[in-house]
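There are 2 protein chains.
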Amino acid sequence: MPLHTPIHNDCLEELRTLLGERFSTSLSDRDQHGKDESFHTPYPPEAVAYARTTEEVSDILKICHRYKAPVIPFGTGTSLEGQIAALEGGVSIDLTQMNRVLETHVEDLDCRVQAGVTRKQLNKIISKSGLFFPVDPGADASLGGMVATRASGTNAVRYGTIRENVLGLTVVLSDGRIVQTGGRARKSAAGYDLTHLFCGSEGTLAIITEIQLRLYGIPEAISAAVCSFPTLEAAVNTVIPIIQLGIPVARIELLDEVQMDAINKYSHLDYPVLPTIFFEFHGTEQSVSETARMVGGMAKDNGAENFRWTTKQEERTKLWQARHDAYYAAIALKPGATGWPTDVCVPISRLAECILETKKEIDDANLLAPLVGHVGDGNFHLIFLVDPDNSEELEKAHTVNHRMVMRAIEMGGTCTGEHGIGHGKLKYMKREHGDAITVMAQVKKALDPENLLNPGKIIPS
Amino acid sequence: MPLHTPIHNDCLEELRTLLGERFSTSLSDRDQHGKDESFHTPYPPEAVAYARTTEEVSDILKICHRYKAPVIPFGTGTSLEGQIAALEGGVSIDLTQMNRVLETHVEDLDCRVQAGVTRKQLNKIISKSGLFFPVDPGADASLGGMVATRASGTNAVRYGTIRENVLGLTVVLSDGRIVQTGGRARKSAAGYDLTHLFCGSEGTLAIITEIQLRLYGIPEAISAAVCSFPTLEAAVNTVIPIIQLGIPVARIELLDEVQMDAINKYSHLDYPVLPTIFFEFHGTEQSVSETARMVGGMAKDNGAENFRWTTKQEERTKLWQARHDAYYAAIALKPGATGWPTDVCVPISRLAECILETKKEIDDANLLAPLVGHVGDGNFHLIFLVDPDNSEELEKAHTVNHRMVMRAIEMGGTCTGEHGIGHGKLKYMKREHGDAITVMAQVKKALDPENLLNPGKIIPS
Chain A
869 MPLHTPIHND CLEELRTLLG ERFSTSLSDR DQHGKDESFH TPYPPEAVAY ARTTEEVSDI
929 LKICHRYKAP VIPFGTGTSL EGQIAALEGG VSIDLTQMNR VLETHVEDLD CRVQAGVTRK
989 QLNKIISKSG LFFPVDPGAD ASLGGMVATR ASGTNAVRYG TIRENVLGLT VVLSDGRIVQ
1049 TGGRARKSAA GYDLTHLFCG SEGTLAIITE IQLRLYGIPE AISAAVCSFP TLEAAVNTVI
1109 PIIQLGIPVA RIELLDEVQM DAINKYSHLD YPVLPTIFFE FHGTEQSVSE TARMVGGMAK
1169 DNGAENFRWT TKQEERTKLW QARHDAYYAA IALKPGATGW PTDVCVPISR LAECILETKK
1229 EIDDANLLAP LVGHVGDGNF HLIFLVDPDN SEELEKAHTV NHRMVMRAIE MGGTCTGEHG
1289 IGHGKLKYMK REHGDAITVM AQVKKALDPE NLLNPGKIIP S
Chain B
869 MPLHTPIHND CLEELRTLLG ERFSTSLSDR DQHGKDESFH TPYPPEAVAY ARTTEEVSDI
929 LKICHRYKAP VIPFGTGTSL EGQIAALEGG VSIDLTQMNR VLETHVEDLD CRVQAGVTRK
989 QLNKIISKSG LFFPVDPGAD ASLGGMVATR ASGTNAVRYG TIRENVLGLT VVLSDGRIVQ
1049 TGGRARKSAA GYDLTHLFCG SEGTLAIITE IQLRLYGIPE AISAAVCSFP TLEAAVNTVI
1109 PIIQLGIPVA RIELLDEVQM DAINKYSHLD YPVLPTIFFE FHGTEQSVSE TARMVGGMAK
1169 DNGAENFRWT TKQEERTKLW QARHDAYYAA IALKPGATGW PTDVCVPISR LAECILETKK
1229 EIDDANLLAP LVGHVGDGNF HLIFLVDPDN SEELEKAHTV NHRMVMRAIE MGGTCTGEHG
1289 IGHGKLKYMK REHGDAITVM AQVKKALDPE NLLNPGKIIP S
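Here the protein sequences line up with chains A and B, keeping their order. The first sequence maps to residues 869 to 1329 in the numbering used here. The second sequence maps to residues 869 to 1329 in the numbering used here.
Every clue listed holds true.
A partial selection of chain A residues facing chain B, derived with a Cβ cut-off under 10 Å: (1) 1017; (2) 1029; (3) 1049; (4) 1050; (5) 1056; (6) 1059; (7) 1063; (8) 1068; (9) 1069; (10) 1070; (11) 1084; (12) 1114; (13) 1245; (14) 1301; (15) 1315; (16) 1326.
Pairs of lysine-lysine residues, derived as DSS-like cross-links and limited to a Cα-Cα distance of at most 25 Å, are as follows: (17) A/1313 x B/930; (18) A/936 x B/1313; (19) A/996 x A/1180; (20) B/1313 x A/1313; (21) A/930 x B/1313; (22) B/936 x A/1313.
No lab work stands behind these hints, which were simulated from the structure alone. Note that CB positions come from ideal geometry on N, CA and C, so glycine has one too.
Construct the entire structure; sequences and hints are all you get.
Given below as structure tokens:
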């Protein structure tokens, strides 16, 4: 039995009248919308509403507002901290049918999309114009979900996270009001930055329905490189001066020896089972070669071996295949286990220390948890491979994760670099933000006084 | 007589007791703190409080909160839309004595400063470590003021505005609460982005007292270039593909023929009196030469003449001197006139059109208003040179400015790219933001329910 008051029948009826077949209370629909790719307990919503327009989202919210029914936005369900869980029941608004690219401005390098457009879908459409959208969190997430969770990924070191690439939004407030934020200008000093207030608010302040995004010209040339290091410090020590000197790297991905072992096994490769960095450089033919050579020299100075690089598309794909397979390779490392992804982010000077202390605890606890890091940002991920029925193992994973998060915060970092809070990291908000939590709560109360938008997320009760 | 209720005597006494000689009600202090570099009518505060620490700012705010006295933060007084005007009286908090660089992290490329540190002061201190802070709005503004007004300037096309370079803040809320936002991690997905809510809020939501900033390694090499174009379209048409191709320009500054004429006269130079672009490129010796040559070719394709470039420091300084003198040269163009600076920002595809229509109206109205543009961002400035006693001329300048702002908004742009709202552009907030204004007002009301922080700015009453 749910602890919350169930949605009023009249509310369900009004939503059904509004949406017809695009409204569902079937168990399978509900189950599918209560579970993301996290390890956390799923919480199915009481109903699912498939919206097609901003106006429809507004109508749904007006109805829910009248009946005090919670509303949770749903993109592709690829969130990693239980962002879409219906902790207090309510209606999941599925935005996957809002999947149109509304405008593309080639000269201005921007576009406007509906929130359900996925990043791969967008890239497919705009590639014809010689453009691309760089933010790549791995999953083919919806752009609305990416903005809502402040996603980033492998390209952030060069192109920024989604935060640096969102120019404006259309959002629907809890009472159904439709509001435009930002615009198409590259910069503006006109008033409060609502765009960035909503970016990362995980559906707790408003439902994002349209997004104005920055785009980039596809680089003339791309080079890729990979090399292994004798130690993790050597790998991180190579990265620090690269960032400091402003060497234009597009991607710098660190994989630890556990992850490399997983990749060898999964993809039948024979990489050295050592900390390894995958690089990518974007620029002109001349500059990407120059950069690759320069970085190769710096890696060698830190004891790197086998620095391999190429500018050829086919070889690049092959070289990076191992990185792309990382998630599935990790999962496959322990058959029957479930993957529990988690991330933190620290100042880069503390990165090696943070990783090494964490890895020591993983080893001491006899856990298996491959590591992948967006090392240019100081951000790294673990995937704990745990048997959900082994309570002792689960307990250990919880402890290591907890200690890693506390360590990251103590080092001046954050409890999550890119996965967000959801309900999985709620308990760290006070620890990380102190009294700023009360300011967040004031903003939440001002914009959603009835606490109907994705309740139970971001603001600890 | 002021229209507002004067500050209660007991409030003044408490502030005097707290600050001693660092509290002043002298006319000269008040006058100095009510006037910025804008054209707008000065509004002196009733008193000036010189704070030295965050805790002191908190104590001042607690006292003012008890007596319902307005508070206006003051950095260097270089704002351009009357941001520091005490429209409803109250206390100006002067932060110039909060001028310490608190921490510098060379490996992490970040630092923490008190709000009164100016950008030139910071650059002087960190240059010893091979670092620099790129945001350059022209004036040697305080970093607190730059964050509060979301400043940018010549380097934004490469390094972003202040928004992209602020990692965290210490702020004091209207009731005196001290809150930390953000942190030292390069990215975070943990909760609402309060840092960027306060950035650009012009002291209406909180007083910024400390700032965590991103820094950059001083580039190995810098090249500079300058060339003139037969027409303004030719100049803008050169810039568009440079941005599109992601050619790493650090600065692209457009000066119109009126501004070039002013410079020739002011600095005894003989530039062609034509639309002119000043470029700067940052990178390696090889890359800045390659880039300068590439851009030179693109400029030539658009009919540019006299493309001159250099990597030598001395020649660079000489080449750019004209750009650096632009403001004073403009002012000197019409002796006895006062300068009224204004700015807008549009998508770059509309920039030529927006500038040309505006220039036509300047000419038709027989006004003098040199133009400078951060053309890579679609942002441009005018300085109307007006005789304050000539009401007809003033009226014309108002009309041209008004029509330029409306044009920019209609083109998908903004009423200000970097000068902010203050009270000078208040009337355009509703036009630009529509119902989002009500959301801004809700946020303002939540964080400053008594409307004590810089009242009369940003949110139209």
